[in-house]
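Based on the sequences and whatever the hints tell you, model everything.
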Amino acid sequence: MVICFWLERLGAKPDALTRCWDVYPKEGDTGYASVNPQNFRPIFTEEQLISSLQAIYLEEPVLQASVLMDIKKLHSDILSSLPNDPEAVAGLQHVKKGHNR
Numbered sequence: 001m002v003i004c005f006w007l008e009r010l011g012a013k014p015d016a017l018t019r020c021w022d023v024y025p026k027e028g029d030t031g032y033a034s035v036n037p038q039n040f041r042p043i044f045t046e047e048q049l050i051s052s053l054q055a056i057y058l059e060e061p062v063l064q065a066s067v068l069m070d071i072k073k074l075h076s077d078i079l080s081s082l083p084n085d086p087e088a089v090a091g092l093q094h095v096k097k098g099h100n101r
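Counting from 1, one number per residue, gives the positions in the sequence shown under my numbering.
These aren't lab readings, by the way, just hints derived from the structure by calculation.
Treat the hints loosely; a few may be bogus.
The following label-pair restraints were derived from C-beta to C-beta distances [what the hints assert, rightly or not]: (1) Ile43 x Asp77: 25 to 33 Å; (2) Ala90 x Gln48: 31 to 39 Å; (3) Ser80 x Ala55: 27 to 35 Å; (4) His94 x Ser66: 27 to 35 Å.
These figures come from a predicted structure and were not determined experimentally.
We treat Cβ as the ideally placed atom computed from N, Cα and C, and that holds for glycine.
See below:
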């Protein structure tokens, strides 16, 4: 007895090994989702979608606020508060030591 596998015999036609119709319905059929549940898992979790929507809604107000911001005042505020920040002081000293080599 010789068993032959014919690729063209799969799908809507009986397959060569069992001479039975394919077990799995084709995409679009009503039973496809119940037979192939792995194909219907959500790509993104609900938390990811919510955070994405929040970012979209916050984008416009943040951009509007950045247009209203006084950049020169912001830079002067940052420079004036750097000496009071121990992390910033340590980082600046580390950078200065690295460039003096």
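Structure-based check of all given hints:
no., hint, result
1, Ile43 x Asp77: 25 to 33 Å, "violated (43 Å)"
2, Ala90 x Gln48: 31 to 39 Å, "holds (36 Å)"
3, Ser80 x Ala55: 27 to 35 Å, "holds (32 Å)"
4, His94 x Ser66: 27 to 35 Å, "holds (30 Å)"
Hint compliance for this structure: hint 1 alone is broken.
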